[in-house]
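Chains as they are written, first to last, in the UniProt record's numbering: chain A, 1 to 141; chain B, 1 to 141; chain C, 1 to 141; chain D, 1 to 141.
Hints in this document: simulated from the structure, not taken from any laboratory.
Just so you know, not all the hints are guaranteed correct.
The list treats identical chains as one, so a pair stands whether inside a single copy or across any two.
As the list claims (entries may be wrong) - The list that follows gives simulated cross-link-like pairs (lysine-lysine, BS3-like), each with its CA atoms no further than 27 Å apart:
#, residue 1, residue 2
1, K44, K139
2, K96, K139
3, K75, K101
4, K96, K44
5, K106, K139
Protein chains: 4
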Amino acid sequence: MQAVMSPEDMMAFLETVFPQVRGEFLVEEMDGVNTVVRLLVGEKHLRPGGTISGPSMFGLADVTAYVATMARIGKEPLTVTTNCSLDFMRKPVSGKDLLAKARLLKLGRSLSVTDILIYSEGMAEPVARANMTYAIPPKRG
Amino acid sequence: MQAVMSPEDMMAFLETVFPQVRGEFLVEEMDGVNTVVRLLVGEKHLRPGGTISGPSMFGLADVTAYVATMARIGKEPLTVTTNCSLDFMRKPVSGKDLLAKARLLKLGRSLSVTDILIYSEGMAEPVARANMTYAIPPKRG
Amino acid sequence: MQAVMSPEDMMAFLETVFPQVRGEFLVEEMDGVNTVVRLLVGEKHLRPGGTISGPSMFGLADVTAYVATMARIGKEPLTVTTNCSLDFMRKPVSGKDLLAKARLLKLGRSLSVTDILIYSEGMAEPVARANMTYAIPPKRG
Amino acid sequence: MQAVMSPEDMMAFLETVFPQVRGEFLVEEMDGVNTVVRLLVGEKHLRPGGTISGPSMFGLADVTAYVATMARIGKEPLTVTTNCSLDFMRKPVSGKDLLAKARLLKLGRSLSVTDILIYSEGMAEPVARANMTYAIPPKRG
Chain A
1 MQAVMSPEDM
11 MAFLETVFPQ
21 VRGEFLVEEM
31 DGVNTVVRLL
41 VGEKHLRPGG
51 TISGPSMFGL
61 ADVTAYVATM
71 ARIGKEPLTV
81 TTNCSLDFMR
91 KPVSGKDLLA
101 KARLLKLGRS
111 LSVTDILIYS
121 EGMAEPVARA
131 NMTYAIPPKR
141 G
Chain B
1 MQAVMSPEDM
11 MAFLETVFPQ
21 VRGEFLVEEM
31 DGVNTVVRLL
41 VGEKHLRPGG
51 TISGPSMFGL
61 ADVTAYVATM
71 ARIGKEPLTV
81 TTNCSLDFMR
91 KPVSGKDLLA
101 KARLLKLGRS
111 LSVTDILIYS
121 EGMAEPVARA
131 NMTYAIPPKR
141 G
Chain C
1 MQAVMSPEDM
11 MAFLETVFPQ
21 VRGEFLVEEM
31 DGVNTVVRLL
41 VGEKHLRPGG
51 TISGPSMFGL
61 ADVTAYVATM
71 ARIGKEPLTV
81 TTNCSLDFMR
91 KPVSGKDLLA
101 KARLLKLGRS
111 LSVTDILIYS
121 EGMAEPVARA
131 NMTYAIPPKR
141 G
Chain D
1 MQAVMSPEDM
11 MAFLETVFPQ
21 VRGEFLVEEM
31 DGVNTVVRLL
41 VGEKHLRPGG
51 TISGPSMFGL
61 ADVTAYVATM
71 ARIGKEPLTV
81 TTNCSLDFMR
91 KPVSGKDLLA
101 KARLLKLGRS
111 LSVTDILIYS
121 EGMAEPVARA
131 NMTYAIPPKR
141 G
């Protein structure tokens, strides 16, 4: 399996479709099945006590599944999240980036399903797990 | 059933524990079972095309379940989200606030479960549904 | 809103497509939005201690969402479950039937989303909640 | 990591606590982190067309997460499922057993979280994914 574009192309595409999150995410790996995205953790992602907010972790899982899907089908900005489930399992390490490691489990004509584990950089056990379903728009004939 | 504090007390508590989201949420109803929280939609919640970002909807569902739980057990800042599932069903209406209408389905000693429907203000059909589980810390004896 | 067939037609259809579960389920209400299905609890659904098995509750939620969807689109045996999430919240009452009360939250061209609360007959608080997504096959033109 | 009992002890325990499912499941691997359980597919698990029923797949995921948890904490029959989410991704192969391959992601004092992929024997791509949360009863002091 191989991605249909490079991580650099993907980053440029993400910054066009999600300009609000520019500078927050870094696509580190992307081979068509496995995808790794880094959340560059900053002040805006933190909660008192140094933990990382739930919406920041949701956002990381969501972007990672989007990247995993686009890596195979190409640039389809109308691809939208339809379902997700998350388990928050451990407190992230204060001051560390988060790494989302994803595996594309299914790519059908109309749906993709991605499994994601989120780690604090340097920590062996995941802080969260997620699965995301994306709806892929029908091809114009 | 009755809430153990007023919506005003809850708002003051939220702004203490989540100072980053000050001014984003408004607790509109809170009776111990049913809870309504408004997301005051601003520029930071939007995506190109005027839609509201997934992390903003996740954040609204999360705060609403937190409020629904605190309304019964009182101020327990160490209560944490352990699990959630969301379905994104319709595009939110551009320029409208979101209203999360929640029902506390279970309040056990160690877990609460809340069901949430999210509406664009003035729209009859929900834009999203969510369920959130919170872990409640053990009482100190 | 109105259902496109009667509960009796639906029962006959269910017994054709799922002959294995004949006599287990009873469609009690079905108006196109709200659906109530009864699980006639028997020996095969029980676990030691008189509680009802998880697969029996999953099966009830699944059939109820199927009925809620068919009530609007008509008989489409190829409609399949793609996603579900369940919370098990209370122990069912021994020797009582289960009632699943469902609301069809979304009926799109390719997906339906149904929210379900499951009650032991006569009990005020739900024993479980579920949401189910069904994929609807494309119409043949 | 190591399991606190052998697969044979686990099988004997399962047949005591779930006598209804005797002969349906086979614990194939169990090392304290990774667990493999086989569903010996028979007539009762099938739907018309040779596919395997949703409740059968739910039941397999549920038993597998239970085994994965007991493998570490020992025999705790009061451990109960509190939450699950499932994605059904492909049609199982007719006439083949199902294999559930699980990883225990978290074992806390009161909750375990297990990730599961379900395969038709001999098929490279998973037919379903699931995650299950179990509540572990407090230790008697």
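Going through the hints against the structure:
no.	hint	verdict
1	K44 to K139	neither (38 Å within a copy, 32 Å between copies)
2	K96 to K139	neither (41 Å within a copy, 31 Å between copies)
3	K75 to K101	within (21 Å within a copy, 33 Å between copies)
4	K96 to K44	both (14 Å within a copy, 24 Å between copies)
5	K106 to K139	both (18 Å within a copy, 23 Å between copies)
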